[in-house]
Amino acid sequence: MSTASANPDWVLPDRGRVGMFSLFASESAIFVIFIVAYLFYAGKSVSGPTASVLHLPVLLTVCLLSSSWTIHRAVAALRRGEVGSFARSWVATIVLGAVFLGGTALEWRHLIRDEGLTIRTNLFGTTYYSLVGLHAFHVTVGLIALATVALLTAGGHVKREHAARVDLLGLYWHFVDVVWIAVFLVVYVVGR
Amino acid sequence: MATTDVGWIDAGTRPRPLVDRLQDWVTTVDHKRLGILYVGYGLLFLVIGGIEATILRLQLVRPHNGFVSPQVFNQMFTMHGTTMIFFVAMPLVFGFANYLVPLMIGARDMAFPRLNAFSFWLTAFSGLFLYFSFVGGFGLYGAGTAPDVGWFAYAPLTSKTFSPGHSTDYWTLALLVSGFGSIGTAINIIATIASMRCPGMTLGKMPLLVWLNLVMASLVILAVSPLTAAQIMLLVDRYLGGHFFDTQAGGSAVLWMHFFWVFGHPEVYVLVLPAFAFASEIIPVFSRKAMFGYPVMVAATVAIGFISMSVWAHHMFTVGMTSAGNTFFVLTTMAIAVPTGIKIFNWLATMWGGKIYFKAPMLFCIAFLFQFLIAGLTGVMMSSAPFDWQLGNSYFVVAHFHYVIVGGILFCIFAAFYYWYPKVTGRMYSEALAKLHFWLFVIGFHLTFDSMHVPGLLGMPRRIYTYEPGRGWDTWNFLTTVGVVFQAAGVLAFVFNLVRSYVRGRPAGNDPWDAWTLEWSTTSPPPEYNYATVPVVKSRRPLWDLKHPEDPDWKYE
Amino acid sequence: MSPTSIFAPLSTPAESIFELSILVLAIAAAIFLVVAALLVYSVVKFRRKRNDDGREPAQVYGSLQVELAWTITPVIIVLVLFLASARVVFAVQDAPRTKDSLEVTVVGHQFWWEYRYPGLKVVTANELHVPVGTRTFLNLLSADTDHSFWVPRLAGKTDLIPNHPNGTWIEPRETGLYLGQCAQYCGTQHAKMLLRVYVDSREDFDRWARQQAAAARDDGRVAGGRRVFEQTACINCHTVSGTAANGRFGPDLTHLMSRGTLGAGVVSNTPENLRAWIRRPDDFKPGSLMPPMGLSESQLDAVTAYLSTLQ
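Chains as they are written, first to last, in this note's numbering: chain C, 1 to 192; chain E, 193 to 749; chain W, 750 to 1060.
It cannot be assumed that every hint is accurate.
For lysine-lysine, the following DSBU-like pairs were computed, each having C-alpha atoms within a straight-line distance of at most 35 angstroms [what the hints assert, rightly or not]:
no., chain 1, residue 1, chain 2, residue 2
1, W, Lys794, E, Lys551
2, W, Lys798, E, Lys547
3, E, Lys739, E, Lys627
4, E, Lys547, E, Lys739
5, E, Lys551, W, Lys798
6, W, Lys798, E, Lys747
7, C, Lys44, W, Lys798
8, E, Lys747, E, Lys547
9, E, Lys551, E, Lys352
10, W, Lys870, E, Lys547
11, E, Lys730, W, Lys794
12, W, Lys798, E, Lys730
13, E, Lys739, W, Lys798
14, E, Lys627, E, Lys547
15, E, Lys747, E, Lys627
16, E, Lys551, C, Lys44
17, W, Lys870, W, Lys848
18, E, Lys747, E, Lys730
19, E, Lys747, W, Lys794
20, W, Lys848, E, Lys627
21, E, Lys739, E, Lys551
22, W, Lys798, E, Lys627
23, W, Lys794, E, Lys739
24, E, Lys730, E, Lys547
25, E, Lys551, E, Lys627
Looking from chain C toward chain E, a few residues come up when the C-beta cut is under 8 angstroms (computed) [as the list claims (entries may be wrong)]:
no., residue
26, Trp10
27, Arg15
28, Gly19
29, Ala29
30, Ala42
31, Gly43
32, Ser45
33, Thr50
34, Ser52
35, Leu56
36, Ser85
37, Arg88
38, Asn122
39, Leu123
40, Thr126
Hints were generated in silico from the structure; no laboratory data involved. Since we're looking at a predicted model, the values are computed, not measured. Don't be surprised by glycine CBs; every beta carbon is placed ideally from N, CA and C.
Assemble the whole structure, with the sequences as input and the hints as a guide.
Structure follows, in C-alpha cells:
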C-alpha cells in the first residue's frame, strides 16, 4: 500500500472544527429543551411577577454581540502574526463579556430585591433564571477559557501557529452569542 | 511477530512490574485500551445487573412471595434498568466503537485521545457513584438509598415531596455525569470518522460498522443532551425550589415525560445501531459474500436516525394526548419499521446464495435475526395506539424491549466478542465452549422472554413486587424465572471461555476469519500505532481486493 | 380463563381495541411466517457443505428491483395498519356522551382509588359501581403522583396525572365483577392498588347509589367505638358523613361495610381483617400511607365494632 504522503489530494475536515460543531449541536439541544420549557410555561404562572417586569437588555446585548466582532478581529490578527493587535482585541472581548455578566448580575439583583422574583417564586421565575442562567454559565466558562489564553499571551506563549486552536475558542464564543440571540428573542421579545 | 508472547508491547522485552502495567492502563489514552476498559466495565455491570434481575425474578416466581420487601424490589428494578442501559449497554457500545472505528478507517487513534480517556473515567466514576447509593446516605427506607423511582424517574414521584432523601439524587447525578462522558465520546467518534479516514476511504467506502457508529454518535449528541437538560431541571426543582415538574405549583408531569422520551427513544437506537453494525460485518464474512445493498443499508441507517427523533411519544399513548397527537406518533413509529425491515431483508439477501459457516459469531447473528424480527413485530403491535392502550405498561412491553435488548443487541454483542476476540487478544476462543454458551443462552432467553409476553396479554402491569393468584399469571411467571438459570449458565460459560482462551487459546494470526476490512491486515493484537504505514483503499473491502487481484471490488462498486 | 385478559372484552372500547388487535396480530403473524421461513430456508440451503471446494460464491452487491419490492410492500402494510389504528383512536378518544351516560370522577391516591359521582352525591373508595349497558365516563385526576386505570376487559388503560385531567369511558355489556389494577408505577405499594369494578343491573345500581348517598348509620350500641374513632387522629384522614370526621387524605368510610375488600383489594372485608388492618396496615400493605394508630386491644375492638356498623 502506498503512503498517505503520496495522496496530497486527500483532504478531510479539521477535526477540531468537527468536534467543536458537534459540541454546538449538543449544546443547542440542551438549550432547546430549556427554551421549550420556557415557552410552555409562559403565561401559566398562577401568581407572582410575570415577564412584564423584565427590561430589554439592549446595552448588554450590544456588548455581547460586539465581543463577537472583537474576537473575530483578534483571531484574524493572530493569523497574520500580529500578537500585539491580537492581545488588544482579545482583552476587549473579555471586557465586553465581563460587562455582559456584570449587567446580568445587576438585573438579577433588581429582580430579586425589587420585584421579588426568585427561582422558586413561580413558573416564570424557575424558567427565566434557569434559561438565562444556563447561558450566563456558558459565558462564564468561555470567559475563564479566554482569560487563560490572555494569561498565556501575557507570558509570551501564544504565537501565530496557535491561530487555528484559538480560532476554535473563537467559534465557541460566537456560538455563545448566537445562543444569546435566541434567548433574547424568546425571553424579551416573544415571551413578554 | 513472536507467537508466544501476548503482552501489549513488542516481543522480546521482559514484562514490567505490575504496578507500572496498571498505571499504564489507568493513564492510557490509546483507543484500544480504552475500548477494552469500557468493555470490561460493561461486562462487570452486566453480571451485577443480572443479579438484580435474578432477585426480581425470584420475588416474582410465585404470587404473594416474600423474598424481598416492596421497597427493595422497587430499588432492584430501578437499578437493574438504569445499570443495564447506562453502565452495561452504553459502555459496551462505546467500547467496541472505540476499539474498532480507528482500526477500520485506517487511523492510528481517535481524534481526541485525552477526551477519550476523560469520557471513560467520567462514565466509570458515575457508575460507582450510582452504586454507592446502596451503602451511603440516608432516606425513607433506612440503610441504603438506591434509587427506587424507575429508570425513567417520572415526575412528580421524583419530587422532594414524594422522594425525600437522596435516592433520586443518586440517579440524577450519576446519569448527568455519565451523560457528559457519552457526549464526549460521541464528539470523538464523529470527529474521528469525519477527519481521520485513510486515503481513498470516502464516506461511500467506509465499512457499515463505521457508518452505523457515525449515526449512533449523532443520535447521542441529539438525544443525551435533552436528558441532561431535564436532569438539570429536576435538580433545580429538588434543591433550588424550582417548579419545572412541580404539579402542585402548576408544573407539568407530562413535560418530564416528553423530555425523557425525547432522550429515551433515540437512546434505544443508540444501542441497536452498533448491534446492526456487528451483524453487518459478521454476516457477510461468514456467508462469504459482500453485504447486499450497501447503499440502501446506509440510506436506511440514516433514515432510522432521523425518524427515531420523531417517535418518542409512543411511550406516552396512555397519558392523555389528543387523538391527533396520538395519531401522529402512530404514523412515525410505524414508518420507522420500514427501513428497519429493509435491513433485515438485506441481511437475509447477503446470506442467500452464500456459503454459511456456523461459527459462534454467525450463530449469534442468526439468532439475532430471528429474535429481532419478533421484537420488531411486537413493536409494530404496540405502535398501534389503541392496542397499546392494553399492552402498554404491562409485561408485554417488558418482554418486547428485552427481546430487542437481549435477543437483539446482546446477541450481536456476543457475536462481536467472538468475532473480534482473536484480533484483540491474539488468541482463538474455544468454539465448543462458545457453542455451549450459545445453546444455553438461547434456551434461557426463550424460556424467559417468550413466556413473559403472556402475563402482559392477561393484564399484568409492570413494576409490581407481587401479584394476585387466579389471574392466569402464575405459570408464566414461573417459567420466566426458570429461564434465568440457563442464561446465567450461558454467561458463565462465556466468561470462562474469555478468560481461559486468553491464557490457553491457540495463536490466531492476523486474519483467522479470512475477512475483508482493514483491521484484519494488522497483527493480532495490533501494535499501539495500529498500522506501520497508513493504508490506502480503493473499495469497501480492501482485503478482498488484495486477496482477489483478478476480481477486485472496485470494479463493481 | 383469566379475569383480566385483554382478549376477553365485555365493553365497547375494549371490544374496539380487540377487533383492531386481531388485524394487527394477523398481519404480524403473516410477516413473521414469511420472513422466518426465508431465514430457516437460507440457513439450511446455503450452509457450507462438507464437500465444499473452498471457492468463494458469486458476489452479489445488490438489486434495485428487489430493494424496491421490499420497500413498497412494507409501506403499504404500514398505511393499512395506520389507517385502521387511526380510526379506532378517534372513535374511542372522541366518543360522545349519550343521553343517559354517567359521570364519575376518579381520583388516584397513593395507594387507593377515590370515586365521586357528582350527579348522585356519592363519594366512595376502591370499589366502583356502574350500571350495565350504559356509557360511564371516568374523569381521571390524581392527588399525588401518576397512576393508571386499567381494567382490561372494560377498556384500555388511561393514566391519572396530577395537574393534567384525563378521561376514559366504559360501556359494559354484562353484569359482574371486573378486575384490574394501577398500571403506572406510583410508589411503594403500586402493586396493591387493585381495581374492582362492579357492573350492576340498573335497579341494583340505583339502589347502591341511594344507599351510598345516605349519611352514616348511627348505631348507639357502638358509641364507645365511635368516640375512639373521633378522638384519635382517624378523623384527620377519613370522612364519615354526618359526623365530625371529614378528612380527605384517606378513603371515605361512610359505607365501609358495603365493600368486599379492604386496602384497595388487598384483603377481604371481615371483622378480623379489619381489626388487623387498623392495628398495623403494614402487615398487609407495607409502605401504605396509613400509620399504625397505636390503639390498645380494647380500643381496637371498639373501633372495629363501630366501623362494622357503617353499612
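Status of the hints after comparison with the structure:
no.	hint	in the structure
1	W/Lys794 to E/Lys551	holds (17 angstroms)
2	W/Lys798 to E/Lys547	holds (8 angstroms)
3	E/Lys739 to E/Lys627	holds (30 angstroms)
4	E/Lys547 to E/Lys739	holds (18 angstroms)
5	E/Lys551 to W/Lys798	holds (14 angstroms)
6	W/Lys798 to E/Lys747	holds (29 angstroms)
7	C/Lys44 to W/Lys798	violated (71 angstroms)
8	E/Lys747 to E/Lys547	holds (23 angstroms)
9	E/Lys551 to E/Lys352	violated (53 angstroms)
10	W/Lys870 to E/Lys547	violated (76 angstroms)
11	E/Lys730 to W/Lys794	holds (33 angstroms)
12	W/Lys798 to E/Lys730	holds (33 angstroms)
13	E/Lys739 to W/Lys798	holds (23 angstroms)
14	E/Lys627 to E/Lys547	holds (19 angstroms)
15	E/Lys747 to E/Lys627	violated (38 angstroms)
16	E/Lys551 to C/Lys44	violated (62 angstroms)
17	W/Lys870 to W/Lys848	holds (19 angstroms)
18	E/Lys747 to E/Lys730	holds (10 angstroms)
19	E/Lys747 to W/Lys794	holds (29 angstroms)
20	W/Lys848 to E/Lys627	violated (67 angstroms)
21	E/Lys739 to E/Lys551	holds (22 angstroms)
22	W/Lys798 to E/Lys627	holds (19 angstroms)
23	W/Lys794 to E/Lys739	holds (27 angstroms)
24	E/Lys730 to E/Lys547	holds (26 angstroms)
25	E/Lys551 to E/Lys627	holds (8 angstroms)
26	Trp10	holds (4 angstroms)
27	Arg15	holds (4 angstroms)
28	Gly19	holds (4 angstroms)
29	Ala29	holds (4 angstroms)
30	Ala42	violated (12 angstroms)
31	Gly43	violated (11 angstroms)
32	Ser45	holds (7 angstroms)
33	Thr50	violated (13 angstroms)
34	Ser52	violated (18 angstroms)
35	Leu56	violated (25 angstroms)
36	Ser85	violated (31 angstroms)
37	Arg88	violated (31 angstroms)
38	Asn122	holds (7 angstroms)
39	Leu123	holds (5 angstroms)
40	Thr126	holds (4 angstroms)
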